[in-house]
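Student: Note that the protein sequences, when read in sequence, are chains A and B.
Residue numbers are given in this note's numbering: position 51 of the first sequence equals residue 51, and the series is strictly consecutive.
Residue numbers are given in this note's numbering: position 847 of the second sequence equals residue 961, and the series is strictly consecutive.
Be aware that one or more of the hints could be misleading.
Stated by the list, open to error - Below are the DMTMM-like pairs computed for lysine to aspartate or glutamate, each with C-alpha atoms no more than 20 Å apart in a straight line:
1. B:Lys165 <-> A:Glu51
2. B:Lys174 <-> A:Glu51
3. B:Lys174 <-> A:Asp70
What the hints assert, rightly or not - Covered stretches of chain B, as calculated for chain A (at least 3 residues, CB under 8 Å):
4. 141-155
5. 164-173
Bear in mind the hints are in silico, worked out from the structure with no lab data behind them.
Note that the Cβ used here is the ideal one computed from N, Cα and C, for glycine as well.
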Amino acid sequence: MAILHRKKKPDALQGTLDLLVLKTLSRGPQHGYGIASHIEAVSDDVLRVEEGSLYPALHRMEQAGWIAADWQITENNRRARLYRITRAGQKRLDEEQEKWDRLTRAVGKVLRFA
Amino acid sequence: MGWLRRLRGTLVGSTAADGLDEEMQLHLEARTREYLERGLSSEEARDLALKRFGSVTLAKERARDADTLRWLADVGQDVRDAWRQLRKAPAFAFVVILSLALGIGANTAIFSLLDAMLLRTLPVAAPERLVRIGSASAGDRSSTWSYGIWDQIRQHAPMFDGAIACSSIERFNLADAGGETQPVDGILVSGDFFSVLGVRAAAGRMLTAADDARNGAGTPAAVISYSLWQRRFGGIPHITGTPLVVERIPFTIVGVAPPLFFGVEVGRAFDVAIPIAAESLIHGKDSRLNEAGGWSFLSILSRLKPGQSREDATAALRGMQPQIRAAAMPALLPPALQRDFLNQPFSLTSIAAGMSPLRRTYRRPLLILSAIVALVLLIACANIANLLLARATARRHELSVRVSLGASRWRIARQQLVESVLLASVGATAGLLFAAWGSQALATLVSTPGRPVVLDLSLNWRILGFTAAVTFATLVVFATAPALRAMRAEPIDAMKQRDRDGSGHVPLSSGLVVAQVALSLVLVVAAGLFVRTFERLAAVPLGFDGDRVLVATVNLYRTGIDPAARLPFYDRLVERVAAVPGVEHAAASIVTPIGGNSLIDVVNLPGEAPTMQPFEGGRLSPRATLVNYVTPQWFAAYGMTIRAGRDLTDRDSASAEPVVVVNESFARRFFPNRNPIGATFAGLTPPGAVPVQKTVVGVVADAIYDSLRDEPVPAMFAPLRQAHVGVPQHISVSIRSAAGSPTTVAHDVASALTSVDRDLTFSFRAVSDQVRTSIRQERVIALLSGFFGLLALLIAGIGLYGVTSYAVSRRRGEMSVRIALGAPPASIIGLVLSRVCRLVAVGVAIGAILSLWAARFVSSLLFGVRPHDMPTLFGAVVVLALVGLVAAWLPARRASRIDPADVLREI
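Work out the full structure, taking the sequences as your base and the hints as a guide.
Tutor: Structure representation (structure tokens):
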């Protein structure tokens, strides 16, 4: 009985997480832990993924068809769910990236002239 | 295909969240390992990993929220919940589903009949272009035509996209030899009947124009129905070429009609179709084809050309009218009528839905029945609404708890709705099954042995749509109030230990009960009127005693006896039958009581201007009389009393003075205040002939001639030997048995008939069956309305009981205080009853007004009872009051036995 069922508003942060995940996956298939680690490593630990929200996000993106997932055996012989980016996801990534670039450019300009 | 996977996940009840568990577990393990590698203890590593991850449950919850088809899963959950709730209250579920199944089923069954009879189009190609040729002044009652007219229209058929003719359904005897008949329903059709209708054979071929040529060579062709193929021939594959004897004439089966094709008459179906031309082979000199008098027996249909309007076609046909009419002028038509005949304009009526005398008979009864079943469903809805309201009230506490825990009101109302929808769907499904059985049973109920009613009652989108619409309407009526009530649940209610105010519930329930009582009263009054109509009809004095009379309809077709030799032959037949042991009297006649036929003549008294018109405005004129031609002993066979004068005797031969015995109504009408014995009069006389004067020799008591509903009408009985209408090829022999059931002598009578001529064909029927059959429709209506009236009473009783019980349980505290203060049990009972009495009184008052208003719609179906019959209304009121009293008595008595100490302990 899902009594506590409320609609959530999409927030800016969620969009960012999508972008980061898609970008990570565009470099090759990866499992959840790998995605989180990669983001942290590349951003010099500045961006720390809230791990609890990573999996719902992955699930949601899978539903949206941007990424696909399979259970596979990893190199060290463990079962893992490997995510890879789909064609729709690639398109989405390009759009998001452009949006992001525009946004950062704009923010940068504002900061410079302020 | 993401949505497919999502859908599967939703339906199976497991979302991707299941795999999520393992995945997150793996993540935590990996993180723990990482911390271990950094040198933390295993416990610290695990703790830190968990801390960093956050709430696992919340993550899962969010992942589930991501399912876009989540609502579907919720509804699925609601359905499962509703199912569980209903399983917990099986008696409630049973009552609701049963009443819905009965209500929806009855409505669907009646609608199926209405649909088959009134709405469905003929199973032929382009039925919308079919029209029937009628006579503008005659309306649709008598649009049958003589063979002469058909022959002319056939020659002018190119003005249409084809023209066809057919007889109405007749009985054909398929017996190979003499003896008892093997009757089936048959039809005479023109050669291109099937091709113009666009009906293709299921096997072999259909008839062609060549089959319908008069004086054609070889054995004539016949087409049989699919049903006869299965029934009589076991569906053998090579049916074409099989011989088939129809009325002693050998035919050859050339093909089988498709299964669903019944002809163009809705409600009847043919088993054998033969060409119209073959009729002359069967009836020889008596053929309707040669009939110079222009025997009207053919319905003529034509198909409009594509794009041709009915007005254009009518104009074209009327243009041809003078030639057609003139060429088909019946030779025996009196000159006075010839002009009328020539000038009667043709008219065309659309018959896309077929033609049907059945429609006229059953239209009103069916409409009234559908109103009755609609009311029953409405009463059942009121009851279900009340039951659901009571349940919703009982669940108030639970609902309030859920509201305070954050459930949305819409969600709670939705659950209530899902429960209602579940109930309605199960009820509707059961109702459809019930309807399939019920409509067939109804069709059987209105069939009579000689006239089976055959209707295509298979399901179609109209019926399914109707059922769906009725179910939806039902749902709206019974589910709205409980769902709204559920939405009103307040968190504060959860704080109260027990719900004591139940505000708003009582007025609504009371309103529903009043409506139930009012509608039930209407149904009980209707049932009363119809049952009394049937009783009155069954009690109509017949004027004859038919209980011991068997009628043998004897047919000479096969014997080849010369018309001149028929009379002596009939005499011999009657003599032989009368000699059979166990037979008290035997007599022959052309017409038998309630036999479905009548002969009509006019009475031209000496000195009056002679009339040749037995009808006036579609009814018998005051100068008309019914006629029958009988042999001596006929009155004795029916136990009819001669009031004055003498009976007909053997001396009243063809050469003797023409005589008649008249009934009392005849004597009163034509010889008021004088002795009719010895009086003379003349009847219908062919043009140019000298009128034959008949002398009245006796007066017989009034008796029913054709219908129990008829007022006594003048009738006269002439000796068969003096029959100026000619002696027909078939005759009815009425046989009175000495004792007991007349059917016991049937076997011996059959051998006696066969011993006179073994080529005779005959069939038997008991007069008492005939009487019963004639009031079958009234019986069916009385039965059904009675059944539904009782059902309505039962439902209303349950409703009253429920509401009273509920009120009593709510006022337990008040009652116990009254009892503790010394109120006697009788006053407590009075308190409860007075409330119920008010409800019943209001309901009855409204119901009485409704009944009086609605009575006008049934008046044409009543007999011997007025629509505003006060005893019936009063009786219905008493019955409802009694039901209300009983329904209220039980809870009232329970209230009077409340132990105040018990209530005190509960507080």
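Student: A separate judgement is required for each hint: does it hold in the structure or not?
Tutor: Hints, verified against the model:
1. B:Lys165 <-> A:Glu51: At roughly 10 Å apart (the allowed maximum being 20 Å), glutamate 51 (chain A) and lysine 165 (chain B) satisfy the hint.
2. B:Lys174 <-> A:Glu51: OK: lysine 174 (chain B) and glutamate 51 (chain A) at ~12 Å, within 20 Å.
3. B:Lys174 <-> A:Asp70: holds (19 Å)
4. 141-155: Contact hint for the stretch 141-155 of chain B vs chain A: holds, 3 residues under 8 Å.
5. 164-173: Since three or more residues must qualify, the claim that chain A covers the stretch 164-173 of chain B holds, with 7 doing so at under 8 Å.
Comparing the model with each numbered hint stated earlier shows that all of them hold.
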